[in-house]
Amino acid sequence: MSNFAERNFLNTPAGWKSWLVTLDHKRIGLMYLYAIMTFLAVGGLIALAIRLELLNPGSDFVTADIYNRLFTLHGAIMIFLFIIPSIPAALGNIMLPVMIGAKDVALPRLNLLSWYIFCIGAFIALYSILKGGVDTGWTFYTPYSSSTETAVIAMTFGAFILGFSSIFTGINFIVTIHKLRMPGLTWFKLPLFVWGLYATAIIQVLATPVVAITLALLIMERLWGVGIFDPAMGGDPVLFQHFFWFYSHPVVYVMILPGMGIISEVIAHFSKKRIFGYRAIAFSSLGIAFLGFLVWGHHMFTSGQSEYAAMIFSMITFFVAIPSGIKIFNWLATLYNGKITLETPMLYALIFLFTFGIGGLTGIFLGAIAVDIHLHDTYFIVAHFHYTMMGGTVMAFLGGLHYWWPKIFGRMYNETHGKISAFLIFVGFNMTFIPQFFLGSQGMPRRYYMYADRFHTLNIVSTVGSWILAAGFFLMLYYLVRSIKHGKPAGANPWGIHGLEWTTPSPVPPENFLEEPKLEHGPYDYDKFMPEKTV
Amino acid sequence: MSHPAHLQHHFSDSQQQHESSKLGMWLFLVTEVLMFGGLFCAYAILRAWYPEMFFHAHKVLDVMMGSVNTVVLITSSLTMALSIHAIQNNNQKAGVKYLTVTLILASVFLIIKYFEYSHKIHLGQLPGKFYTFTGIEGNNPHLFFSMYFLMTGLHGIHVVGGMAVIYWMMRRMKRGEFSSEYYTPVEIVGLFWHLVDLIWIFLFPLFYLIG
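Protein chains in written order, with our numbering: chain A, 1 to 535; chain B, 1001 to 1211.
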């Protein structure tokens, strides 16, 4: 067999028109991948602009109004257009059916519909920029969001529509995992990435409809003044926060759980070792999904909820550390005595352990009520959130992207470039966000475009860090794009590892497998035999 | 191996396809319940805050019209189920007939709703800042009508959507696409229609039968 599959899902059937009506999960996933990478770039450039403004304490480049619109746009793009769909809808869509030996997802037409709904939602959300942008922050808190002059309706209506795309992906994955596993592939033989996607899909299905109705109510509030969130009309603005966080807290687990799935894959396969604590990792995903629904009040310790409610929310928040800790320790135990190789995906997995560890532990600070009162709405929360979302999800996403890249495009990227880029991203990321922990604990509030002079030095460090981070991403863009044409052919199994997806040619054939896949062993059976590298 | 026309290529048999579609629909119904759940939650909080106002405001609703609509919708659920039963027995003619009755009943529901709405619009019993009626005791009576119009309105949108898919099923059944071998789309549309019915069964007492 040649090392590059000439007939593959990228070129069969031919012609760009066949992409517009494709039901192939790999093509839909790839279109999602292109879209979210674009939004990552847009959101990232806005972040660079924000950091540039914060280089000096005074007002330098933008006005306060523009600054408010920039951080809102950064948040909304990164949350709704990049990070929520990133791993499930792009990488998950491409890999899930292949990993369970299926020909497609269970509901391919729903999959295509979800892609078009995503496009429409993205278009409407971005239309708000033409209307002058939004200045509420991505959380759209009432009553400000129901009274500001900016384009809140376009942005929230876009997010409302994007929610349906997320719901449809979730429904599709649950049905696929229940009904389309190949014969003999029982639940506890599934790769852990599939467990991660399953837990994610449950949250998408259960939480997203609540934010849909919340945003719909906000739109009604603006259009018809229904008064439900308006204290002047007898409504309750805190109810908006409850509704919003009932979705938006669980949704951070939509962002992190599939990332944790990728980390489980990469750590086991690049340690060439049976994963330690398979069932514990699988069930801890479900545990996180479950607990995630019961902690939303920890975003509202200063919003005037009852103190007993706050205490209970605080306690359950601490419980989230248990399943998260179970995962971390099982990954560490997997590394122990493994035959570790440090290719780029593994570098990202190790970066994840470090940065997500910091993100998770600082989450415990914020879950403690008394500490949170001090740190609320400071840069500490900005740093914590970015350590979980960027240090967690984005690092896992980049790991997964590099891990499956040869499977998707059939070619290897330049490994040296990959390592340099990972190093720049690691250094740049920490340099950007570690200072923000100190700034926050010293009292620098978030969402202001000016700050007191005493915060200047740390802000310079943070902004310079953002440039290093950007350099890492630009290098990645260069070598990934280059690899599509000029990379070495990867062959079916470039890493020499287990897993069904590595038994089929690269790039994947349109029907996923050339002949019916056979299940000969579990996904992590390195003690039984060692597959061969094809590159 | 025989390969029926309705079977999509990625399923190994009809049963797998049938089960997948049904599971997908049940999950979608879960999302519907949660979406309405947000409104029910807002209702519960506002009613707990203003119990007397809700009691006084509910008197302007017409219990007779609400009751008739409840009976109409429950009957339409029955005819929907009868249609599925008919097609399961290969009786396409009866299947189409029952779907037609379902559509007629759904229209009756909407017509009655239209009269209720237009009466309230006429009197200014409207949501939020459009509320101009003056005859209701208690604080913030406009909130009652905000909830009333939002919840029955969202339900009404679902009735219209349900009618559209029922009509589509009727067309396909007339074309002879369904049989005892393959009736999955009719069945999952039926599931959806029962949920629309069920939501109304909760809305009716919460608005029309307070106190």
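Worth flagging that the hints you see were computed from the coordinates, not collected in a lab. Treat each hint with caution, since some may be false.
Once the Cα atoms are required to be at most 20 Å apart in a straight line, the calculated SDA-like pairs of lysine to any residue come out as [to be verified]: (1) A:K103 x B:S1014; (2) B:K1129 x A:D236; (3) A:K17 x A:L33.
Item to complete: Given the hint that A:K103 pairs with B:S1014, test it: the Cα-Cα distance must not exceed 20 Å.
Response: Holds, because 15 Å separates the two Cα atoms, which is no more than 20 Å.
Discussion item. Tell me if the straight-line CA distance from A:K17 to A:L33 falls inside 20 Å.
Written reply: It holds: about 18 Å lies between the C-alpha atoms, which stays within 20 Å.
Worksheet item: Does A:D236 lie within 20 Å of B:K1129 when you go C-alpha to C-alpha?
Response: holds (16 Å)
No hint from the list above goes unmet by this structure.
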